[in-house]
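Novice: So you can see what is in the structure, the chains are spelled out below.
There are 2 protein chains.
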Amino acid sequence: MAAPIDFWFDFASPYGYLASLQVEQVAARGNRAVRWRPMLLGVVFKTTGAVPLMRKPLHGDYLRRDVPRFARLIGAPLTWPEVAPIGALAACRAFYWLEGRDPEQAKRFAQAVYHAHWGMGRDMGPVEAVAGVAVGVGVDPAELTEAVQRPEVKDRLRAVNEEAQAAGVFGSPFIVVDGEPFWGADRLDQVARWLETGGW
Amino acid sequence: MAAPIDFWFDFASPYGYLASLQVEQVAARGNRAVRWRPMLLGVVFKTTGAVPLMRKPLHGDYLRRDVPRFARLIGAPLTWPEVAPIGALAACRAFYWLEGRDPEQAKRFAQAVYHAHWGMGRDMGPVEAVAGVAVGVGVDPAELTEAVQRPEVKDRLRAVNEEAQAAGVFGSPFIVVDGEPFWGADRLDQVARWLETGGW
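In the order they appear, the protein sequences are chains A and B. With this note's numbering, letter number 100 in the first sequence gets 100, and the count goes up by one each step, no holes. With this note's numbering, letter number 140 in the second sequence gets 140, and the count goes up by one each step, no holes.
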């Protein structure tokens, strides 16, 4: 099997959520694995001066109409969260802590966080909420709450955010196939085509 | 035939160019006509505080890679213009002047401007360049050069830009089907599906 594809996303991003429900299937058809890479877009935005789409005039209104429409199209559950955009610091740290010991469990955790936040509309900012969701994938909530405070876990996320910037990630989702970047949930068909053809 | 679909775009926008090569076909399959609506995104950006994608850090690099890749995928000629982004004031005014007397000629003119700018890489900011391209679709260049200075033509474009803002247009291309907005060249498949199904 060729190298895995990188799936960069922010838990606060609804388009990241929509892509998360399709990326494994797209990759599998291309005989690839997926490396899930949650990150904090806010860190990139500090460099680029960008603001979250949902806070932009006009664009924010469009997003609130487009995301539910997109979700209906692909049959994705969607409940607009009362708190949005969240700061996904705790969720990101927890992911990389889990990944260090079990990448598959970390992926299931990420899917559970996305489902709770965008599928069910729950506020996934607070570490208590993150720990509560983690229980569902077999993680001890007390251990998670302690782990996200460890300096090495904080450093790991910092390093990942730097890696994201070096890879040119400026939005969510952002998929990289053998160095080739694709931005946006609406580019999964191009990703699929790229995997199928080896590029064009 | 149901109401035409609105195709909003800025001549400076490469994604608008890519969409311009496909939108007529997509609409025709849905038994619709297309109302071409060139506008000045810069006017909207003054309200929203946005900056052109190609001038954004990271995003600009992505765009310069993504646009040629997208063009290859759909078989579109592409030559990166030395001058980009252009100010498309003269081209826009000329379009609405022409539209007032012959909408089909205006559409052919818009296609010719896009082809010269993004297909062949020519600077289409200056009115002389716009007039030169207009010759190819049967327009007298001296008449065009004079027409774009008429107060009623300037007012017409101003009104269109206000109409764009009222319609929620914040990017290019931006397609509106019976009040339903779709942003981006990568959404033409959703536009096609919407036309086919009447919405989902």
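Hint data in this document are derived by calculation from the structure and do not stem from the laboratory. Do not rely on the hints blindly, as some may be mistaken.
Identical copies go unnamed one by one, so any copy, or any two together, can satisfy a pair.
Stated by the list, open to error - SDA-like mimics (lysine to any residue), calculated; alpha carbons at most 25 Å apart, straight line: (1) K56 - A159; (2) K56 - G42; (3) K154 - Q22; (4) K56 - G179.
Since the model is a prediction, treat every value here as computed from it, not as a measurement.
Novice: Failing hints, ascending?
Specialist: Per hint list: single violation, 3.
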